[in-house]
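K.L.:
If you read the protein sequences in the order shown, they are chains A and B.
Position 88, counted from 1, in the first sequence is what the numbering used here calls 88; the numbers after and before it change by one each time, with no gaps.
Position 68, counted from 1, in the second sequence is what the numbering used here calls 68; the numbers after and before it change by one each time, with no gaps.
Calculated from the structure, these hints are not laboratory results.
Treat the hints loosely; a few may be bogus.
What the hints assert, rightly or not - Across the chosen pairs, the derived CB separations fall in these ranges:
| hint | chain 1 | residue 1 | chain 2 | residue 2 | range |
| --- | --- | --- | --- | --- | --- |
| 1 | B | N50 | A | K68 | 44 to 54 Å |
| 2 | A | V82 | B | G42 | 19 to 29 Å |
| 3 | B | F74 | A | N59 | 28 to 38 Å |
| 4 | B | E62 | A | K100 | 38 to 48 Å |
| 5 | A | N59 | B | T38 | 24 to 34 Å |
| 6 | A | T51 | B | K68 | 28 to 38 Å |
| 7 | A | E69 | B | R22 | 15 to 25 Å |
As the list claims (entries may be wrong) - Calculated pairs, BS3-like style, for lysine-lysine (alpha carbon to alpha carbon, straight line, at most 25 Å):
| hint | chain 1 | residue 1 | chain 2 | residue 2 |
| --- | --- | --- | --- | --- |
| 8 | B | K78 | A | K49 |
| 9 | A | K112 | A | K77 |
| 10 | A | K60 | A | K49 |
| 11 | B | K78 | B | K24 |
| 12 | B | K24 | A | K100 |
| 13 | A | K56 | A | K68 |
| 14 | A | K56 | B | K24 |
Beta carbons: idealized from backbone N, C-alpha and C, even for Gly.
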Amino acid sequence: GDSVTQMEGPVTLSEEAFLTINCTYTATGYPSLFWYVQYPGEGLQLLLKATKADDKGSNKGFEATYRKETTSFHLEKGSVQVSDSAVYFCALSENTGGFKTIFGAGTRLFVKA
Amino acid sequence: DAGVIQSPRHEVTEMGQEVTLRCKPISGHDYLFWYRQTMMRGLELLIYFNNNVPIDDSGMPEDRFSAKMPNASFSTLKIQPSEPRDSAVYFCASSRAGSGYTFGSGTRLTVV
């Protein structure tokens, strides 16, 4: 079945460092890919998405490119801030049937001042 | 838009009691999902609805759990009787087909 694998955390960075959170997926069809962010005490929020190969999703300085050849959707940000500390979830949704979304386990990011 | 609204935000109950969690999805969204989040198991899909009809309830852990969606603007998740291992944060999310989810703020359930 479909699955999402993302790097284990926690990831600890200093402010202004470069961020990469790896995500790979397994899918039978041609899914849409998503990154969600969860701040403490809150629900998940959609951060960005890409719906087809080579699409780049971007939002708030974060970006990720849909790589079909490597089945990856790595999240990157050039300069992180303390306020980016949160848990990040990679996810996929098949574009047929029930549009059910499969979530990765989440990667916790700590950014130090 | 007020987003997905869940109530209550926090619930503390005694083992054996009935618990009802409520969700109001975003107007116009035709999918509604119930998730449970714990440190041990992460985010688990319990059940989802399309146009108020349950489509997949394979994630519902036991018969003690039930969910309804009587109309497009309201859903409930009920646990009867509740047990300490049901303690978790329960999220409701809604979406339109093919788009990302909008999550509510969750209900933190503690069963003592």
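K.L.:
Taking the hints in turn, state whether each one holds.
P.N.:
Do the hints match the structure? See the list:
The beta-carbon spacing between B/N50 and A/K68, approximately 28 Å, falls outside the hinted interval of 44 to 54 Å. At roughly 25 Å, the beta-carbon separation of A/V82 and B/G42 lies within the given 19 to 29 Å, and the hint holds. Judged by the Cβ atoms, the range 28 to 38 Å given for B/F74 and A/N59 holds: they are separated by roughly 31 Å. The hint said 38 to 48 Å for the Cβ distance between B/E62 and A/K100, and at roughly 21 Å that hint is violated.
Taken as a hint, the range 24 to 34 Å holds for the pair A/N59 and B/T38, whose Cβ atoms sit roughly 28 Å apart. For A/T51 and B/K68, the hinted distance range of 28 to 38 Å is satisfied, since their beta carbons lie about 32 Å from each other. The hint said 15 to 25 Å for the Cβ distance between A/E69 and B/R22, and at roughly 45 Å that hint is violated. For the hint linking B/K78 to A/K49, the alpha-carbon distance of about 32 Å lies beyond 25 Å, and the restraint is violated.
Proximity of A/K112 to A/K77 is assessed by CA-CA distance (about 15 Å); at most 25 Å being required, the pair is judged to hold. Using a Cα cut-off of 25 Å, the hinted pair A/K60 and A/K49 holds, with the two alpha carbons roughly 13 Å apart. About 15 Å separates the Cα atoms of B/K78 and B/K24, which keeps this hinted pair within 25 Å; it holds. A distance of roughly 19 Å separates the Cα atoms of B/K24 and A/K100; the hinted pair therefore holds under the 25 Å criterion.
The straight-line distance between the Cα atoms of A/K56 and A/K68 is roughly 12 Å, inside the 25 Å bound, and the hint therefore holds. For the suggested pair A/K56 and B/K24, the alpha carbons sit about 32 Å apart, so the restraint of at most 25 Å is broken.
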